[in-house]
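Peer 1: What follows is each chain in one-letter form.
Number of protein chains: 2
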Amino acid sequence: MLLGDSLTQAASLPHGFAQKLSYVYNRKLDVVNRGLSGYNTKWAIPVFEQCLARRTGTNADQLFPKIQLLTIWFGANDSCLEHSPQHVPLDDFVENLDKLVHTVRSSASDYYTPWTRVVLFTPPPVNTHQRGADLTSRDPPRELDRAFDVTRQYAEAIKQVAQKHRVPIVDVWTILWEGCGQEEAKLTKYLTDGLHVNEEAYDLIYDGLMKVIGERWPELLPDNLPMVFPPWDQIINNPGLEKRILFKEASLRD
Amino acid sequence: MLLGDSLTQAASLPHGFAQKLSYVYNRKLDVVNRGLSGYNTKWAIPVFEQCLARRTGTNADQLFPKIQLLTIWFGANDSCLEHSPQHVPLDDFVENLDKLVHTVRSSASDYYTPWTRVVLFTPPPVNTHQRGADLTSRDPPRELDRAFDVTRQYAEAIKQVAQKHRVPIVDVWTILWEGCGQEEAKLTKYLTDGLHVNEEAYDLIYDGLMKVIGERWPELLPDNLPMVFPPWDQIINNPGLEKRILFKEASLRD
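Quick mapping for you: the protein sequence lines, in order, are chains A and B.
The working numbering puts the first residue of the first sequence at 896, with every later residue one more than the last.
The working numbering puts the first residue of the second sequence at 896, with every later residue one more than the last.
Just so you know, these hints were derived from the structure itself, not from any lab.
Please read all numbers here as calculations on a predicted model, not as lab measurements.
Any given hint could turn out to be false.
Now the stretches of chain B that chain A is said to cover, found in silico as 3 or more residues with beta-carbon under 8 Å [unchecked claim]: (1) 915-928; (2) 1127-1133.
SDA-like, lysine to any residue: derived pairs with alpha carbons at most 20 Å apart [claimed, not checked]: (3) A/K923 <-> B/L908; (4) B/K923 <-> A/V942; (5) B/K923 <-> A/L1116; (6) B/K961 <-> A/A948; (7) A/K923 <-> A/K1084; (8) A/K923 <-> B/D925; (9) A/K923 <-> B/K923; (10) B/K923 <-> A/E944; (11) B/K923 <-> A/K1084; (12) A/K994 <-> A/L1030; (13) A/K923 <-> B/P941; (14) A/K923 <-> B/P960; (15) A/K1084 <-> A/L1116.
By construction, the Cβ of each residue, glycine as well, lies at the ideal position given by its N, Cα and C atoms.
Excised from the complex, chain A in its bound form (with noise of 0.2 Å):
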């Protein structure tokens, strides 16, 4: 399950890393995208709790589907200036973002899943010069809503919630600023209009998920997993045990 705002969203378009963990996870694990574009945390957090199964509910909640992954991505709308409806002051982000993990992860939590493993990623940088620019074109022009520094420091307070929570990141922040040599205007390397990410730039932010699964979780890697329903060359060379084979693999619902 990928929970997050717009970013995560347009994951799945070509490249996005919805659409590719989607390609590489078929017939093993199903994809299921919770962007929520333009959410902050403070949103996102009852609407996240209506997709997860809660512990102490009817054998309903129960049946749902059983997350074995979890990215967490906000911080490129709570990081919006105090002016913005989207702007969540620093504090109430990394309670919130506190919140969301805690709900999965604590054993106090309605909503706990040991198995569930949590990554945080970080927002992009901001292009100023290109948010400003994408903003003033539109009709009525719009003043600038975020600044660089401002969404860094977010970057930084989930790095410090990841650490806490002991939780891997996908640190997208650095990952993109490093990859255009620590200078702003050349953002537009990896952003469309200072804030939103390219295809390139998903590439990336899919490498950086898969390196962390590889090193924390291995046994998730695709090539570690195995399909839910046969492969069909193991069908056709049992051809006595072919119905059996078929129903004898786990269903989809365990």
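Since the structure of chain A is already known, use the hints to place chain B on it.
Peer 2: Same frame as chain A, now just chain B:
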């Protein structure tokens, strides 16, 4: 839900119809790819049933995601020549396809879901020159396993099944055949290996599916479906209602 063989499984690649549907239906419907590389209808039947909720089952089964739209795309493997282990005789193929449709559409079925809209797809025409070259180049070389006219017969049979059940089709066979000027050698325009389709073909297939949806079930077009969770501008324009808006929407389990 997208049920089929490798043509469906690979539809999670960039420009595949699974990828495109995932993007345009983001926050409205989830796309579940049940493409099974190499499978024919005979092997797909028991697997398909494991992907569905059983009407007469436990509560558990009632909680499976409701399938609004089901695409069924087989024929490319069933139509293999008799020496191939994937071959399914034409009469059996028709019967199997019938059974797949019946599974969700017949009120006598344990898996009957009257709200599920079904669309059948025909397989692409085979480019036997391209396919033959591909098989010959393998180590060890393999003999040609498909014939142009045989696949065409299976495509024709699918149209009859569709008529019988009054379900619409995306006639991939005809779309690609006409698109290449009805010349087998020119199918390289759409096929990567004589059998599987490229991005250009997937674009046409997606367009064909959206045309079917628009004509038959316009209520299911992305623009006509509400977001499960509210768009962010609706939240900021109702600050006092923030929490209520975030909770009042139908949860994903509906």
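Peer 1: Check the hint pairing B/K923 with A/E944 against an upper bound of 20 Å on the C-alpha distance.
Peer 2: holds (17 Å)
Peer 1: Quickly compare the C-alpha distance for A/K1084 and A/L1116 to 20 Å and report which way the hint goes.
Peer 2: violated (29 Å)
Peer 1: Has the region 915-928 of chain B got at least three residues whose CB is nearer than 8 Å to a CB belonging to chain A?
Peer 2: This one holds; 7 residues, not fewer than the three required, reach chain A with a Cβ under 8 Å.
Peer 1: Mind checking the alpha carbons of A/K923 and B/K923 for me, to see if they're no more than 20 Å apart?
Peer 2: This hinted pair is violated, its Cα atoms lying about 23 Å apart.
Peer 1: For the pair supplied as a hint, A/K923 and B/P960, confirm whether the alpha-carbon distance does not exceed 20 Å.
Peer 2: With Cα atoms ~18 Å apart, A/K923 and B/P960 stay inside 20 Å; holds.
Peer 1: Has the given pair, A/K994 with A/L1030, been kept, meaning a C-alpha gap of at most 20 Å?
Peer 2: Roughly 32 Å separates the two Cα atoms, so the pair is violated.
Peer 1: Hinted pair, alpha-carbon criterion (20 Å max): B/K923, A/K1084. Please report holds or violated.
Peer 2: Roughly 32 Å between the alpha carbons, so the hint for B/K923 and A/K1084 is violated.
Peer 1: Tell me if the straight-line CA distance from B/K961 to A/A948 falls inside 20 Å.
Peer 2: holds (17 Å)
Peer 1: Under the criterion that the straight-line Cα-Cα distance not exceed 20 Å, is the pair A/K923, B/D925 satisfied?
Peer 2: Distance ~17 Å between A/K923 and B/D925 Cα, so the pair holds.
Peer 1: Holds or violated: B/K923 and A/L1116, Cα atoms, limit 20 Å.
Peer 2: Answer violated: B/K923 to A/L1116 is near 29 Å, above 20 Å.
Peer 1: Please verify whether A/K923 and A/K1084 have alpha carbons no more than 20 Å apart.
Peer 2: violated (34 Å)
Peer 1: Measure nothing beyond the straight line between the CA atoms of B/K923 and A/V942; if it is 20 Å or shorter, mark the hint as holding.
Peer 2: Holds - the C-alpha atoms of A/V942 and B/K923 are around 14 Å apart, at most 20 Å.
Violated hints, in rising order: 5, 7, 9, 11, 12 and 15; the structure is consistent with all others.
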